[in-house]
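The listed protein sequences correspond, in order, to chains A and B.
So in our numbering, the last spot in the first sequence is 595, and the numbers never skip.
So in our numbering, the last spot in the second sequence is 595, and the numbers never skip.
These are computed hints drawn from the structure, not numbers from a lab.
Being a predicted model, the structure only gives us computed values, none of them experimental.
Each hint can be trusted.
Chain copies aren't distinguished; within one or between two, either way the pair holds.
With a Cα cut of at most 27 Å, we get these calculated DSS-like pairs of lysine-lysine:
1) K456 <-> K326
2) K179 <-> K326
3) K326 <-> K223
4) K384 <-> K223
5) K223 <-> K179
There are 2 protein chains.
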Amino acid sequence: MSAYLPPLRDMEFVLRDLAGLAEIAALPGYEEASSELVSSVLEEAGHIAEEVLAPLNQTGDRQGARLQDGKVLTADGWAAAYKTLVDGTWIGLSADPEYGGMGLPGLVSAAVNEMWQAANMAFSLCPMLTQGALNAISECGSPEQKALFLPKLISGEWAGTMNLTEASAGSDLGAIRTKAVRSGEHYLISGQKIFITYGDQDLTENIIHLVLARTPDAPAGVKGISLFLVPKFLVNADGSLGAHNDVHCVSLEHKLGIHASPTAVLSFGDQGGSIGYLVGQENRGLEYMFVMMNHARLNVGLQGLAIAERSYQQAVGYARERIQGKPLGGNDRTGIIDHPDVRRMLMTMKAQIEAMRALAYVAAAALDKAHATADEEGRAAALKFAELLNPVVKGWCTEIGNEVASLGVQIHGGMGYIEETGACQHLRDARITTIYEGTTGIQANDLVNRKIMRDKGASAQAAIATVDALAVQLGKESDPTLKAIGQQLAVGADNARTAVAWVVASAAEDPRLPAAAAVPLLYLMGTVLGGHQLARSAQIARQRLDAGEGDPAFWDAKMKTALHFALCLMPKASSYLAHITEGSRTVMALSAEQF
Amino acid sequence: MSAYLPPLRDMEFVLRDLAGLAEIAALPGYEEASSELVSSVLEEAGHIAEEVLAPLNQTGDRQGARLQDGKVLTADGWAAAYKTLVDGTWIGLSADPEYGGMGLPGLVSAAVNEMWQAANMAFSLCPMLTQGALNAISECGSPEQKALFLPKLISGEWAGTMNLTEASAGSDLGAIRTKAVRSGEHYLISGQKIFITYGDQDLTENIIHLVLARTPDAPAGVKGISLFLVPKFLVNADGSLGAHNDVHCVSLEHKLGIHASPTAVLSFGDQGGSIGYLVGQENRGLEYMFVMMNHARLNVGLQGLAIAERSYQQAVGYARERIQGKPLGGNDRTGIIDHPDVRRMLMTMKAQIEAMRALAYVAAAALDKAHATADEEGRAAALKFAELLNPVVKGWCTEIGNEVASLGVQIHGGMGYIEETGACQHLRDARITTIYEGTTGIQANDLVNRKIMRDKGASAQAAIATVDALAVQLGKESDPTLKAIGQQLAVGADNARTAVAWVVASAAEDPRLPAAAAVPLLYLMGTVLGGHQLARSAQIARQRLDAGEGDPAFWDAKMKTALHFALCLMPKASSYLAHITEGSRTVMALSAEQF
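The following block holds chain A by itself, in its conformation from the complex:
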């Protein structure tokens, strides 16, 4: 079993120096987020992650969630850990204070979520889903629904779930068949939903399911989907619990990872219809889902980062302790951390983790600005940027999270393949992150077809221009590290600029070309935007070193890590560009029968 130490120093650096915590805290509504409060929130959340959640990660994986006599039982220790979150009102960290939330910026919540997901992803999916559900009700629910459901969701006394997928409706939500038939003040819901994370559990006295379904006369496809609130136990007007609703867990999935997170098949309406309440208006369900999607996808991107950090810490620990032979250039039989190829893997992990963290936190800050900036124009500009980053953070951080978790296994050698070591649990857990909440392909399509095509690449090119401006500036620095970073970043920015222009232009030739280029473009954008954040880090590190501020070893490492990314990982941008511009036509070259 491996310990988890919250990487507070890097988190604080990114929050303050890259994501602009002070700027966010100055926005209307976020006045509570003082520097001191944020530090103490992070420290306390770190204690919970390290001491309460992390020790349950491997035991939970082995025991898993179980379905017994129609009830879902979570792993040993889950209930007590959950109570810790409820007692600290952690689940409502960034929720509306009117309903009991703490009203902190999403940026702070992102940092806290990173730690919880790193400590125990299978556990932390439960509060993550509740946060998604309470966001949906906050944004789209009626005043009565808010009053009745938000306080208990925010406190964590009740949990929330998202019910989208059906057996024939995965990426294609238009194919949803679950029915909702009006019956007086409520609807009767019937159908079967699959892949429902924490669809049932024994942690909370009630569960509020948010369910996508179709009314009898709804238009076909995605325009005929409505959103319903379906409580596991009906809720009386005074907030007390009534009868068990007609919704049941039919089975739990046997998955590659996140064993302790119950993934349920939920059956609605076996006995005539679950009672459900319409959220917002009929046929606008998908639109409401999109309202929450930015936060939900950011959170999954954070999981990629989180698992990567956890894997990295375990790998570093093993590499320090494991002795095999005498490292080159050394006289002693020291740990394998001194072997160059182990170093290469650790540097690759570290550089990508720091890039992911910076990019994800900057994306969280952009969402906060989109939400709270006083003037509408500022909000709109922030939203555009946040929406551009969103699929990149989700898609790129989860793919890199898998790569890093796999390197974590590799560093352990044969021990990495043994389950007791724990390294391969991270790989198993990470593997879902590129799939749920929209696969990497879906993220890439969102990036290309919504975020880039809608303004013919203008927002993307604006973001790339910002990258390029820094690259030009760094390229003129006398410090050789900054200069080299600037040069590589300039090449990356140029690749990104060319790729975005090509993708926009290619749609006229064949609408399948942008789709074929989408995932390589997402990787390219992740590499360049992540590298941009590391270049910013290096620039700040140089300034702090010159000013004699802080820990020189931290700043020195920051500069060298950014240089490693620039020299070893940024060159991938060129190969992604080639894939996009030269290779997209060959993607569809074969007939389906030729495979």
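Here the structure of chain A is known, so what remains is to put chain B in place on it, guided by the hints.
Here is chain B on its own, set in the frame of chain A:
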């Protein structure tokens, strides 16, 4: 569960047109390998793979191997499947006819192994290990040892194992502590070995363990290791079985994958000492291991290819059947195989599988030439080429095998994460291949420090020159596909040439630089040498199309697949080169404490 269909058409193409089966069959000793015989061997092996081994793959994974009352029990159906191999004398396919083998080239054996590993890797490890053991005894054993042990190993009545690893001796075999004390005609072995594949089982009446151990007065490190033959049951002079030797399975590992392959901790000498017989001479054990290493590593490389093929077949099947939305440019709700991003993944899988197969079979053919070419000079030249390819095939094919298996999961979306689907078993199984028989880092060190440094890059540059010659030739073709392939291949060859020269030169600056560059160089060589084989394929395909020979759809696919590799995957070579020449110095830039 997924079926497995042996890809005989591509295998036959690679065997005959790329690996030169006819040339191999003309070598002394391989006269039996007529074209007809090889085809019927492949067809029959394919039947066994498809009908006997593949159906047990998923059931074996679920049941796993078990240790009960000190005995290892294999999964249901294992014994009957094993009997099929014994009945067909399949295990001795390329073994010495003097002892009952069929004496076919290793090239044919490689093709058969690909199918068995694809069908059921956990099962096929057992005969694979036996082949390794019988090779060792063939090469290094005494005439008496050969007479006593080879016939039963070749028939498969007995199995063989390789006992190298100890808790403190993994990659560093010099740290081995298992003791061997001379006692008359034999030695008494004592110590504990870990990670012993099929270290015990219920398939054969006896198991012949090959064990690395150290005699009391042996020099320290790798120069003091000897190789011993330790039967599970002692063997009388007449071949009948005697008493149970003092070797016992203490436990089985709980692994990420290959659940049905028992990975044993073996304890030797708990009751005073296992009886072991010295193979060859004292202190030459490591040298003997190296004799077999080429075949063993080729076989693991084939596992990477095999798992990739299996994952690909399952993904293609799912992509044809799964319907989600209406593909772009189409009018019908057809399978997701028509979605561009799914196509991108399938093309990436297909192109890399065909490159791996070609490279691995060419490497197998080179080993045959190194073994059987009549003149010594020809043998030496073939051996140099085979030895250069060996770590590339092992390292690159297993890393790509993991990538392909992960894409296979991804194509299945949420279903890919469910164990019953079977896609993630391939990923779990594949994950060991980059670790055992020497990690990718160890392969890369072998490539750089032995295969490249020993002649200052001459063999590597000669191989690259061959690639470049084809690139130049294709670059002049009028066919636009061949021309484009030639152009990309030329860039790849140039990258490889520069990288090898840089690595050779860098050693003088700092011996850690070649080690830091080693894995990127291995990837670069795999990409360029694999791409070279696909370019050869495309050239042949063009000729066959022009001549009107064979199935035009197959040749057309071959050309387009090679083009896809050239345009989308070959550009990675440039980013590997950058990592090597620009980034190797940053690999060791941090102190160990800065991680």
